[in-house]
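Residue numbers (the numbering used here), protein chains in the order written: chain U, 11 to 458; chain B, 11 to 458; chain E, 11 to 458; chain D, 11 to 458.
Heads up, none of these hints are tricks.
Note: identical chains are not told apart, hence a pair may lie in one copy or across any two.
With a straight-line cut-off of 30 Å between C-alpha atoms, the simulated DSSO-like cross-links for lysine-lysine are:
{"id": "1", "residue 1": "K81", "residue 2": "K436"}
{"id": "2", "residue 1": "K436", "residue 2": "K182"}
{"id": "3", "residue 1": "K231", "residue 2": "K265"}
{"id": "4", "residue 1": "K221", "residue 2": "K265"}
{"id": "5", "residue 1": "K47", "residue 2": "K29"}
{"id": "6", "residue 1": "K25", "residue 2": "K41"}
The hints are simulated quantities; they were obtained by calculation from the structure and are not laboratory data.
The model shown is predicted, which means the values in this text are computed figures rather than measured ones.
Protein chains: 4
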Amino acid sequence: MGLWDIDKIEYVGRKGGAKEGLGFRYYDADKVVAGKKMKDWLRFAVAYWHTFDQRLVDPFGDGTAERPYDKYTNPMDLALAKVDYAFEFYTKLGVEYFCFHDRDIAPEGDTLRETNANLDKVVDKIEENMKSTGVKLLWNTQNLFTNPRFVSGAATSPFADIFAYSGAQVKKSLEIAKRLGAENYVFWGGREGYENLWNTEMHREQAHMAKLFHLAADYAKEIGFEGQFLIEPKPKEPTSHQYDFDAAAALAFLKTFDLEDVFKLNLEGNHANLAGHSYQHEVRFARENGILGSLDANQGDKLIGWDMDEFPSDLYDCVAVMWEVLANGSIGPHGGLNFDAKPRRTSFAADDLFRAHIVGMDSYAAGLLVAAKMHEDHYIEDLQADRYSSYESGIGKSIEDGSATLASLEEYSLDKTQAELRAATKSDHLEQVKATINNYIVDALAEA
Amino acid sequence: MGLWDIDKIEYVGRKGGAKEGLGFRYYDADKVVAGKKMKDWLRFAVAYWHTFDQRLVDPFGDGTAERPYDKYTNPMDLALAKVDYAFEFYTKLGVEYFCFHDRDIAPEGDTLRETNANLDKVVDKIEENMKSTGVKLLWNTQNLFTNPRFVSGAATSPFADIFAYSGAQVKKSLEIAKRLGAENYVFWGGREGYENLWNTEMHREQAHMAKLFHLAADYAKEIGFEGQFLIEPKPKEPTSHQYDFDAAAALAFLKTFDLEDVFKLNLEGNHANLAGHSYQHEVRFARENGILGSLDANQGDKLIGWDMDEFPSDLYDCVAVMWEVLANGSIGPHGGLNFDAKPRRTSFAADDLFRAHIVGMDSYAAGLLVAAKMHEDHYIEDLQADRYSSYESGIGKSIEDGSATLASLEEYSLDKTQAELRAATKSDHLEQVKATINNYIVDALAEA
Amino acid sequence: MGLWDIDKIEYVGRKGGAKEGLGFRYYDADKVVAGKKMKDWLRFAVAYWHTFDQRLVDPFGDGTAERPYDKYTNPMDLALAKVDYAFEFYTKLGVEYFCFHDRDIAPEGDTLRETNANLDKVVDKIEENMKSTGVKLLWNTQNLFTNPRFVSGAATSPFADIFAYSGAQVKKSLEIAKRLGAENYVFWGGREGYENLWNTEMHREQAHMAKLFHLAADYAKEIGFEGQFLIEPKPKEPTSHQYDFDAAAALAFLKTFDLEDVFKLNLEGNHANLAGHSYQHEVRFARENGILGSLDANQGDKLIGWDMDEFPSDLYDCVAVMWEVLANGSIGPHGGLNFDAKPRRTSFAADDLFRAHIVGMDSYAAGLLVAAKMHEDHYIEDLQADRYSSYESGIGKSIEDGSATLASLEEYSLDKTQAELRAATKSDHLEQVKATINNYIVDALAEA
Amino acid sequence: MGLWDIDKIEYVGRKGGAKEGLGFRYYDADKVVAGKKMKDWLRFAVAYWHTFDQRLVDPFGDGTAERPYDKYTNPMDLALAKVDYAFEFYTKLGVEYFCFHDRDIAPEGDTLRETNANLDKVVDKIEENMKSTGVKLLWNTQNLFTNPRFVSGAATSPFADIFAYSGAQVKKSLEIAKRLGAENYVFWGGREGYENLWNTEMHREQAHMAKLFHLAADYAKEIGFEGQFLIEPKPKEPTSHQYDFDAAAALAFLKTFDLEDVFKLNLEGNHANLAGHSYQHEVRFARENGILGSLDANQGDKLIGWDMDEFPSDLYDCVAVMWEVLANGSIGPHGGLNFDAKPRRTSFAADDLFRAHIVGMDSYAAGLLVAAKMHEDHYIEDLQADRYSSYESGIGKSIEDGSATLASLEEYSLDKTQAELRAATKSDHLEQVKATINNYIVDALAEA
Ligand SMILES: [Co+2]
Ligand SMILES: [Co+2]
Ligand SMILES: [Co+2]
Ligand SMILES: [Co+2]
Ligand SMILES: [Co+2]
Ligand SMILES: [Co+2]
Ligand SMILES: [Co+2]
Ligand SMILES: [Co+2]
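Next up, chain U with everything else stripped away, as it sits in the complex (with noise of 0.2 Å):
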């Protein structure tokens, strides 16, 4: 059977019965929805960290994980036998793109000149791979945290030593982007925030982040590579406030600092509910901000305080998000769904790799069959365009034309009693719209 004691995930439909197994139940790849095959609105991609590399260690807890490739001990054997593993487990699973961080592939050495040269092995490995599975790169990023010389941040590190480190572990990561065929280049932030404000010099941090930004920025045009900044917003953990806080702090970053034209977001769900906002509400804010880079789909648990990466299942997000790739015409310019997101820990087994993957898999794609049901029906097109049609005409479009004036609409206003006022509001009937969201999620799932 290969590496992987586990056959082709293959398409099987609503017929399997409701017990979810190694099969899709709405995941098929060349189905034609909304006019797109379903694997050209999804880009599915796998997080080499979290599919290879997590242990399922927790804080209070030692690995689970078991892995038919624990029998390397040999930190490069190891790494170089991942590979295989790897690309044998996009294609059993139907995946076509993968994710990295630099360190997930290779060890460290006590050098940034050895560890490059570690880097460049695998990555000869891995390129030789995506040749001939036709795998591609979604993303690449660095791994600027798990190091203690990162204890105190990476670009934004009070330590200047600890920046040019970064900055030349930068250097090296977008070269492997442009080597590769990157499409992005993401940027999580890891340690760059802080821990206390009495000893931070906030302003001057960010300052730092940004310049490393720019300098990236500076590099990847030098070098050739196209591939799409993405910034991935986090609120806090591990430090306590995370300065890519959320999609709109994210978005005062790039203005402040004039990165607006050269980054968009990658954006996660279970940091947005960190945030205190749920995923639609990320989604929405970079969609209509024109910064909606590509997408790390995962979920939480919102009664619970940090990340917990699990894989999507929660239906209500996947219609919410998918309806809103669908609203942008595509996940971004280059975007893609990565699963950003393990198993849990107690699900430890081997093929829960595949598995879990199938359940977000099967959920984004039955979200995208729900959100495209409600698409044809123009049913929230149709329920906005009645909620905002008193801008159409009249005082309203003077007001979006800007032909009104505050002295206008007071003559306007002014003898308008309170009985006409309250008239010319309407109830929205939001328990409705609520239901009739579960009604599609039934009828466009029960067509599947």
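Chains B, E and D with the ligands: place on chain U using the hints.
This is chains B, E and D with the ligands only, laid out in the frame that chain U set:
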């Protein structure tokens, strides 16, 4: 059409299309599911306070509600008229139960004597309507929180006159319960908690609360009222800490103050979330501890920290709660499903009251259908039985049957290797469990 | 004794003993601290809505407040009488500023024309009192959230007539600001947000909000009003998501809609916490981004999810905020410290209004004394300077001055060992920093 | 200087200046406060796991800790060497108690037999050091969560072999407790909770947990171990729901499973906050219910949703907790104040271990001084006595002494007017109470 400008709500089913309207999609009162009629599993009740009294105010705004009885200006006229509106509402909606606080139905006078006289007049009219319509009283309760006299609590007020008044008010309310044949009698803590611990004798206040409960139980026995007493937990709001924080705190209280034989719990979904729990958790805890009494079915937004009392539409919650109800054989000894819910402030039209209840009823009916299908397949039962099977024989059996000692366990374990012990654990494939529940939702409702 | 049965509040100092009473322990208006009089650093303001209008209602209870003007029943009589009570309050408390919403001071009529006529009468009286007492207007604002017409927002209402009315209301309010010499003009978002994204055109609503701000700025210029415009962020409540979520979201908004030259921020402590931030964070962010305008000094309970608007007493917050104010040279260009705070519902006596303001004033005065002592010692300044010193020369300097490139950083870093890099980091002894702040609190206040 | 490059920590007092350093500002071990020596009120303990084993890892990074025993590579050598470091640490810090988990002090072998042999060697050395230094064991406990075998819990594992192993491990640990004269024996729930309710038999798992506790109690009696058994509540983390959620849930559990005579609670500050409670609340609840056993003194950040285990420095918490301790006469029957706390990841130097403990000890010593001064003045006692005085006579007395009935209360209340009832309530001037506590902090510590 009667008092409400709306026709009786009928079962339409999925053929009505995805847009939820003025008909039931899933709730088919007499349809037999899992051996009982839907209406007998669900025993829906309308909450007087939210449905007829609630003006949809919030801390930042005046009420937006538009109601057909807004034309009444005299408080007693209004109170009496509302009874007719209420019973027509129940009948048109097809709900067989209702619930109220004493102060929901009649205005206060300057003294309790005057207030009780007002109450009697309205209760007379309610009694007549109950007879003529067959609608029954799921529970009544007393409002010990709105009037400024309850500023520092009722039974837990530091001011003895307020305790005394509260007891007198409870007495009258129990007499009404007896007269109207209430199936339950509820105590929601209102302001029974503290704002600040520095000026609070917490245990003394809890002892006072228990005292009132004992007095109420004694008086119920005296007058022959046999309804089930219920406590409704809530963790905070309006006070910073409510003594009936959650189901576990309520159980500790009942045991501490020798009230466990007399009380069960009325559990609310939004309150569960405010306490950091899922609704499923609170219902499970109560069921397994034999104190599941009744349900205040509503929902909130887990990202929001105050009580929203939204009509329930989240199918995940409805399925989980109805699964517990099926496992319990009923909601509780006399329990029902009371919509302690208000339309959103923006759903201010009179017909939103119907629309919102339909959504709530359909969502719980859907929950019942899904849970019943899961029960039919023994899906959860088998999952659990398999997971705990090691306790059915051998060392596991000796643990449960009481024959094991630490010494026997040591002897059994002393030479087991790390590998043997890990082999004794199994992956729980949790991601698949979540997807399977998604699948049951679609499969069960597609058939509806 | 005048309208309020209380004497003028005097500075007593620590000799008054630990029990806080009707005298100031730390606030000594004319005492010079860090080069300015206390009153000029703090510029305290009383909030009309909470202090004179607030009945101490909450979502579960009627108002408990007892006020000396409760005897007035006619709304205009009451409104006019309150002006006298208000100015005697300011004078007896020794506060030189006040703030109000238009609807705080005068009742609405059936039309805006009638409402404005009511307003004018009260403003006449306020103007007289300002002249006779010397009390000044820190800021005024408009109430666009209480009336049911604002059910779905004001500038962001989907109903154009409501936008129009809002504009007309702002026009009048700006005229009052001009007439009374307001130093600032505030926009708190009220209902400018959404309840649910499915029926919301978020960006269009934000554009409408920006439109109103531009119209207001244009009109201010037209009438020669030169006060500072301020936005007050809040993340949620009453809506599920308020557009001015936090300082960062407000900055993104101002930049997106070309309003950065016109607006600064009015920051509230409780709102900061509801957004997941410390008050220190919000003030720091605004200061460093040049948008610190004014302060709504209050506090909440970080374990509680709704806006409590408590009077500030937490010395940690007061010290942190006043440290930022000292670093900024002032609260803001025209800023002050407005008590957007109400006594707790249980502090319902009239004299609690004085008592609560004294606590707030003493706490911020204490914060000023402590922060000034820390500044005097350069404690924080030295801590930060030392921590970031590696950016003052060598590679650090090259990063800040723009001469570094990724290539130069790589060259610098390529052969550094793990140990060398770790040696480039330093412990920040954070526990000691926290204890040192404790110590400054005690030492500075022991001297007071 | 010995193993740690630091001198014995001495009491310096406030004369040392505001910058906290390597001396105590408030903790003066033999100083008599409220009738007992400071050290006897506080009984500080050092936690082996955080202080000697913790590498300052977090979910996103490797450990940063620098420790003088990092040179040891053989696990048993390291374990034995650490004992010397530990006892010198206790002695230099002037702490008389310590706490540990079995797995903190010695490495695991492949079988429990081998593990126990390792343990015995280290316990031998600990015993010697206890004798030579006089340092005592506040409590020990067992680690039933780190090893992958505990993936689904220990006593609540669905796998009976894991329960068996857990029992065997507890047996050994109790023997060590007996041998070393532990004053208490603690059970922190570790993974005793659930990840998801669908696959969980919650009550059966809780019954298994209770079974282990009964077996432990039986065995303690058998071997003559007389230390106090303690449960340590925590609401979530690592599991989604921990069975010992908070003090109230623990009390319900103890009563349900007939364990109330055997167990008291060990309460942690950060855990209190994660459950939505103040630390004051949890300690008060335990004290008033007679189950206050011991304290894990630490703190978190109320805006952060995971367990930070910071060293305590918040004076408000320290004062509140020590007030309860004074009211209780002691922390608990054998209780102490264990620093279940780690320096922040950025405080990675070896001497930060001393610095952080000094801060914690000084903060609790300060709490004791302030609480003692408040007690001396009867400030809180009088406040409460006055507030509840209406229960000392008349109708209030009849309520407390059991002579009241609902009928007697009705008779008393029936003709009281609204105004009379409101007059029976009193403002609690809560703002002043908070300021007075501020004042006590300054006054008591200014004298120190
Ligand atoms: Co991510
Ligand atoms: Co994440
Ligand atoms: Co309820
Ligand atoms: Co509720
Ligand atoms: Co404010
Ligand atoms: Co506020
Ligand atoms: Co602990
Ligand atoms: Co902890």
